[in-house]
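Asks: Sequence:
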Amino acid sequence: MVASESVALDTLGFDFLRDVAPGEAIYITEEGQLFTRQCADNPVSNPCLFEYVYFARPDSFIDKISVYSARVNMGTKLGEKIAREWEDLDIDVVIPIPETSCDIALEIARILGKPYRQGFVKNRYVGRTFIMPGQQLRRKSVRRKLNANRARVPR
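The sequence shown begins at 1 in UniProt numbering and counts up one residue at a time.
Misleading hints may appear alongside valid ones.
Lysine-lysine pairs mimicking DSS-like chemistry, simulated, CA-CA at most 30 Å apart [stated by the list, open to error]:
1. 114 <-> 77
2. 64 <-> 81
3. 77 <-> 145
4. 122 <-> 77
5. 114 <-> 81
6. 145 <-> 114
7. 77 <-> 64
8. 122 <-> 140
9. 122 <-> 81
10. 122 <-> 145
Derived DEER-like restraints, expressed as beta-carbon distance ranges [said to hold, decoys possible]:
11. 41 <-> 115: 47 to 55 Å
12. 50 <-> 16: 28 to 36 Å
13. 82 <-> 32: 25 to 33 Å
14. 25 <-> 151: 20 to 28 Å
15. 135 <-> 90: 24 to 32 Å
16. 21 <-> 151: 20 to 28 Å
17. 123 <-> 33: 18 to 26 Å
18. 13 <-> 34: 15 to 23 Å
19. 151 <-> 35: 52 to 60 Å
20. 8 <-> 32: 38 to 46 Å
21. 89 <-> 69: 35 to 43 Å
22. 37 <-> 16: 20 to 28 Å
FYI, nobody ran anything at the bench for these hints, they're computed from the structure.
Every residue, glycine too, gets a C-beta built ideally from N, C-alpha and C.
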């Protein structure tokens, strides 16, 4: 099985063998034979940040890096930057936009010593809004996707 993140292998009981190298292509023939080929001269690894921030599940590993750990590390760095650069730190609460930012926001709250609250509820039936075509469709979809949790965030 070939997968973009380890969780697909985990859930189906497959073992991780190796990452696909930069510039490498994997081919599977109609007979089910697998072979690889280097398709680029002097390739470099250019991982997509959105894999760690947005697309991947937190229980996955990409290029031997835990997505969860990468997100916590992002929260640590951002929390330290906020503490350093926001002089009066007039922050009441840290609220994530579900779901991928939850681990990041939890770490920011820990670094800043501020409470963490789930202030938004996500409608799981609306797809990924960030990658939808056109700003108008994204805005309309975000309104349907997220709703303020009035018990946590009063008007």
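Asks: If any of the earlier hints don't hold here, list their numbers in rising order.
Replies: 12, 13, 14, 16, 17, 20, 21
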